[in-house]
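Chemist: Residue numbers (our numbering), protein chains in the order written: chain A, 1 to 411; chain B, 1 to 411; chain C, 1 to 365; chain D, 1 to 365.
I should point out that these hints are in silico values taken from the structure, not numbers from a laboratory. Beta carbons: idealized from backbone N, C-alpha and C, even for Gly. Incorrect hints may have been included.
[To be verified] Quick list of in silico lysine to aspartate or glutamate cross-link-like pairs, EDC-like style, CA-CA up to 16 Å: (1) B:K406 x C:E249; (2) C:K68 x A:D16; (3) A:K406 x B:E404; (4) D:K117 x D:D107; (5) B:K318 x D:E2; (6) B:K403 x A:E404; (7) A:K318 x C:E2; (8) A:K406 x D:E249; (9) B:K195 x B:E241; (10) A:K195 x A:D148; (11) D:K68 x D:D287; (12) D:K68 x B:D16; (13) B:K406 x A:E404; (14) A:K403 x B:E404.
[Unchecked claim] Partial pick of chain C residues on the chain A-facing surface, computed with a CB cut under 7 Å: (15) F3; (16) S257; (17) P274; (18) A277; (19) M278; (20) Y281; (21) H284; (22) H303; (23) L360.
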Amino acid sequence: MFPDPLNFPGGTAPMDLSYGPEYEAFREEVRRFLSTHGPSAPRTMRLRAPETIAWQQRLIEHGYAARTIPKEYGGYGAEPDILKSRIIAEEFARAGVSAGLGGQGISMLVPTLLELGTPAQREQFIRPTIEGRMIWCQGYSEPGAGSDLASLRTRAELDGDHWVVNGQKIWTSTAREADWIFCLVRTEPDAPKHKGISFLLFEMNTPGIEVRPLVDMTGHANFNETFFTDVRVPRTQIVGERGQGWQVANSILGNERDSLGNPNATLARLHALMALMREERIDGRPVSDDPVLVDRLMRLQGQIMAMGHNDLRVLSAKLGSADDARLARMIIKLEGTELRHALEGLAIDVMGELGLAYEDHPLLRDGGSWQSQYMYFLGLIIGGGTSQIQKNIISERGLGMPKEPKYPAGV
Amino acid sequence: MFPDPLNFPGGTAPMDLSYGPEYEAFREEVRRFLSTHGPSAPRTMRLRAPETIAWQQRLIEHGYAARTIPKEYGGYGAEPDILKSRIIAEEFARAGVSAGLGGQGISMLVPTLLELGTPAQREQFIRPTIEGRMIWCQGYSEPGAGSDLASLRTRAELDGDHWVVNGQKIWTSTAREADWIFCLVRTEPDAPKHKGISFLLFEMNTPGIEVRPLVDMTGHANFNETFFTDVRVPRTQIVGERGQGWQVANSILGNERDSLGNPNATLARLHALMALMREERIDGRPVSDDPVLVDRLMRLQGQIMAMGHNDLRVLSAKLGSADDARLARMIIKLEGTELRHALEGLAIDVMGELGLAYEDHPLLRDGGSWQSQYMYFLGLIIGGGTSQIQKNIISERGLGMPKEPKYPAGV
Amino acid sequence: MEFGLSQEQRFLRDSVQRYLSEQMPLDRVRAFADGTDSTVARAGWHGLAELGISALLLPEAAGGLGLKALDAAVVAQTFGEHVTPGPFLGTGAVAAHVLGATLPQDDPLLAELAAGKLIVGAALSETSGAREDAQITYQATGDGGVLSGRALHVLHPKAHQFIVASRAGALHLVAADAPGLTLTQTTTIDRTRPTCELRFAETPARSLSDDPALLASTLDLARVMIAADTVGAAYAMLQQAVAYAQEREQFNRPIASFQAVKHMCAEMAAALEPCQAMVWYAAHALDALPEEAHLTALHTKAHVSEVGTRVAKTATEVHGGMGFTDLLGLHYWFKRIGFNRQTLGTPDLLRRQAARAQGLLASGA
Amino acid sequence: MEFGLSQEQRFLRDSVQRYLSEQMPLDRVRAFADGTDSTVARAGWHGLAELGISALLLPEAAGGLGLKALDAAVVAQTFGEHVTPGPFLGTGAVAAHVLGATLPQDDPLLAELAAGKLIVGAALSETSGAREDAQITYQATGDGGVLSGRALHVLHPKAHQFIVASRAGALHLVAADAPGLTLTQTTTIDRTRPTCELRFAETPARSLSDDPALLASTLDLARVMIAADTVGAAYAMLQQAVAYAQEREQFNRPIASFQAVKHMCAEMAAALEPCQAMVWYAAHALDALPEEAHLTALHTKAHVSEVGTRVAKTATEVHGGMGFTDLLGLHYWFKRIGFNRQTLGTPDLLRRQAARAQGLLASGA
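Looking at chain A on its own, in the form it has when it is part of the complex (with noise of 0.2 Å):
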């Protein structure tokens, strides 16, 4: 029987939305930041770029960047708090001005190294990462291997000092730009297909490499394929033991699926919908004004509440309350990005056949982002677990439903 929704734990204390004077004083030095450094943010965080760096910098020792991260690698050195993470979040994002890098590198392998990595790992890797100095590619897919990620076949084979690395991957979002890339490969052939897997790390000039761009459905090469062919690298480079790359994989992977439900951002593109629709007029009327549409609109803001009270109620979770909302962190993923695509949907039928207009037609609105983000949501129902294995999951780690057998390889 699954942990029945009707009777988990509960709370301790009653309701309250506020965060508290302690926070809300944090708010105002965030506000106060914001209101000195803010005009002085580069527009756009151009990788490398100085004035991106020295804007992370600025970040980094004001505590809103780099938060966590110990003082010795580089970073601020505080303790974790929610709380403050988010309240960062929610200001930079309301002042419109960068909170810093993101990228493979700084959300998924800092952490990675923090937890598992040697002490000559971090300490050649975590500050130059943090700081914008070293960029980074995630090297997991490959065209074999998607939902089943385990049964990937790029293999490493010791040659004396040296893996040696033969191979794909795909969806390597960053490789063009990166300096190093974060790679699982196949290590142990003979052993089991999780257990058979290494986290390698090295540089993307060490020859055999090669990338090419991924065009996908938006017309743009959001991702690319990374080939490698006799690619050496030192055999130091690697995180955890050999055959322990699933696990070291995995333990930071649960972090990238939250976040694709965004529920702030989901809000921000409904306000921008319901903008378009008082501007856009069909024959003359404007189309806030036709009652279809608008009850259209109607269900999706009644999606949205909903997913954003399930953001506060694991928000609050996370933050000790006794409702482990288990449940409602699996099911993020799979209705936000659901919910997201039907958001765009609905403005490109609000739009008539101006919802066609694409890159440079001079009636574009709002920057196509409408027409791109429908297709870009689709792309992320997709990735990082399709809905079908979303599904899988919630039914069998959320209801406690069996599993379907296994078929035995190779049948």
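On the provided structure of chain A, position chains B, C and D as indicated by the hints.
Modeler: Chains B, C and D in isolation, oriented as in the chain A frame:
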């Protein structure tokens, strides 16, 4: 690869939706019959009532019931003619006159006996069945054998010249009225499950049979449970050989599936719903002026149109057009029952709180049919092969996708 | 920052759950629904009154517990979960809210209400899309005033008093035995919640409020309570579906191991889980976030109803033929969710109100 | 009684299919779409003209084949299936229908049209929900007349002539090089079908028809053709999804063996299969059932668009990440279906028209 729907063989004659002069003459003949005899038809065809049997007899004489049953068994003895059957159905429906008795004896058992019964069985059963003097019920499903019908456990063991039947059937719709039952029982417990079943016929007044009405969510007992305790059935009352019951039953099961998505009935409901929307008022304003509810109505009308055209295609294929319309036939039950359920549900929303009215509520609309059909069609989505089974069939037989692996018995 | 139930709310929920599991199991609900024991609802209400449910929303000064909408939502959800008959919506929620705000705190009616002795029905439906041109008008007379007209889909036919919303947005209190009042019981699909039609012919009535804001807050409260009831009922259906799928075997395996069945359950859970947070938030907004309360209440009832309808259908399908029969009683939850959807505003009507509240549909369509 | 395609229609379809498979495979479509070979559409149209496609709907007296809307729908469906660029909609359908009905049968334009030498664009969008207050007005002058105003989302920017619908419901013919005409190419998501904006400043125009019925039948025809295109594109996506699922292995089995994937494909097939019959019927209604033609055309484009959108999304999901990339080119079909949905009336607009055509929404909302 599934049969390419874009490259099915195609037809031979140009599109022509008229039935042609021969059939229009036949239609005139049916109309003449209806204007002459229609007024004397019983309003409801109560089983066994003398007026029912008299009307059934008159229909058979004119070839409007038991049309293709050979004369020697009491039928009219015509060649099968799908268009004539359709014209009969259309004209009787239009005139609101009963087109004769239905029921599983006439629709399922009689065709089975004609195909697989012994001469003695045909002689004994067909005439009284089609004349409405012998009522049948069907004993197929069991509490433990629904989607997986072939796992049925009601068993029959030979004891001298008799089968001794023990077990339980469910969904036996006319069990309380029936004289006889046609029943699937397990006679070869050691054979593979599809090969251990036999098709027996026995009287419902045989000692050891208990019928319990099965109340369903509509509040009525549309079905029954039927229990067998040492029911003794003469050895000869078997159709086909021992162990061939599965094939005997499947020789006619297909007929049932087609009928659950009847587009004419759905169209009649759509028109009734339109009428309801013109009459019903919210705050004094007719619902037919409510853009959102009308949009839902129009969505359904579009789907119903498509299903009606699909039905014409299937009809044409049965008449021998080169288009085999296999997929078109296969999807009718799934789409048709879902569509009806949605249609009845819209009517409930149209009525607002009066959509809850039931039975003797003084403001009940249309006899409460919207409410009861809403629930009944949920039953039909499940019954006769659930939507999940339908989708398995469509993907496997329609699209050529692989079957799921079978689990060994007893695991 | 704390989003969720407090320890007190958890105790409240657990005590109601325990009472309902022990005293109002499905066979008692059935007995009430099929008419074999018409005392079930009243007896249950008396038992619940002992737990304080009838006094929950009444001010402490009026002998109540002075609890909040969120506490009431917690209780309403358990009623949906157990398909509990009884007058909670009209009496425990609407009457406590309206009478607590309008009667003198020492009015004996309030003490009776708190004690669970006074049952109050609610005639509010004409505020949410009037049918049959039904409406109520109030006329002041020398010694009070009289109501005339007709109210449909009135909750709690066995009430002693009825709270009645007039066309002008005022609220009135009418005794069940007042002259000129005719009550006709009306059967609906949900036998756990009887309804009636009231006809008023210059029926004496006590005027409670002329303030449209009180009517508005009453409707907000009632709609959030209904949504909470639906969330409880839908969770109960999901749980039953998962449990049934794990027991039921076809093709030599539990049907819970079929990916199609798993995904049906996952889709129910994914749609339903945010509804839990939404109902908590909407109830909390009634208590503490006045600018958000109205819009949130509208959206909560609309969205939760849509999800509830889908869960009700899907959970029934997971049960196969058994779901369609009366044997498991699953249809009580199905009909409860249906009743909640239609009562005090179908989703489309509520969404239209939500749009108007935000300045959309300004042309009046 | 015969519902379906005749032998001739099947031959027509097969010959177009063969031509497109051989001469317009996906790499040619890509070359056109990414701008590396802008001649593909024109060259293809010339090749199709040799098969008679440009003459299909023109009367025999005008040098055409005198075929019917059903024949044209068969062809349109193959274009959708192959995501074929080219001027079929504006030239092969709209222009053949309008010019064939309005010009003298010996007008040299008709012979050029039949031969595939005359490309005609179509500026009809303002009839289906005008945007940006765009509209065209016609003013008669001594020696003909002039058009003023603006037309958005005009099909076939490389046309020699444009058929233009005026605000009054009249139809006009304008040469691409007429004085006072400004053409701006406009990029859309679907690179297989270029569009432009036209601005008219007292631009001389030939008046073709004042009859609103001709405009109405033109829109009915165009919408059925678009629906047929969507059905072809959606079948192509379904077929690709089924084929991909059978090739692609994950967890040591073809993903086609997962019940979730099977059911996604089954749902696509179940929704799409009736659309085939619907398009045939709608086209046949244009040819032979005048009382049904308009309503059927509205519903066909609306319903097929909704199904198409669902199929486009689901088929992409079945392809997993590959569906999102440009590698397989699946997105050409996705965008084609999207283009068809938005062009000449989104589903909600068409449903509103369908409702009005049946006397619903009489209050004018």
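Chemist: Which of the listed hints are not met by the structure?
Modeler: The structure breaks none of the hints.
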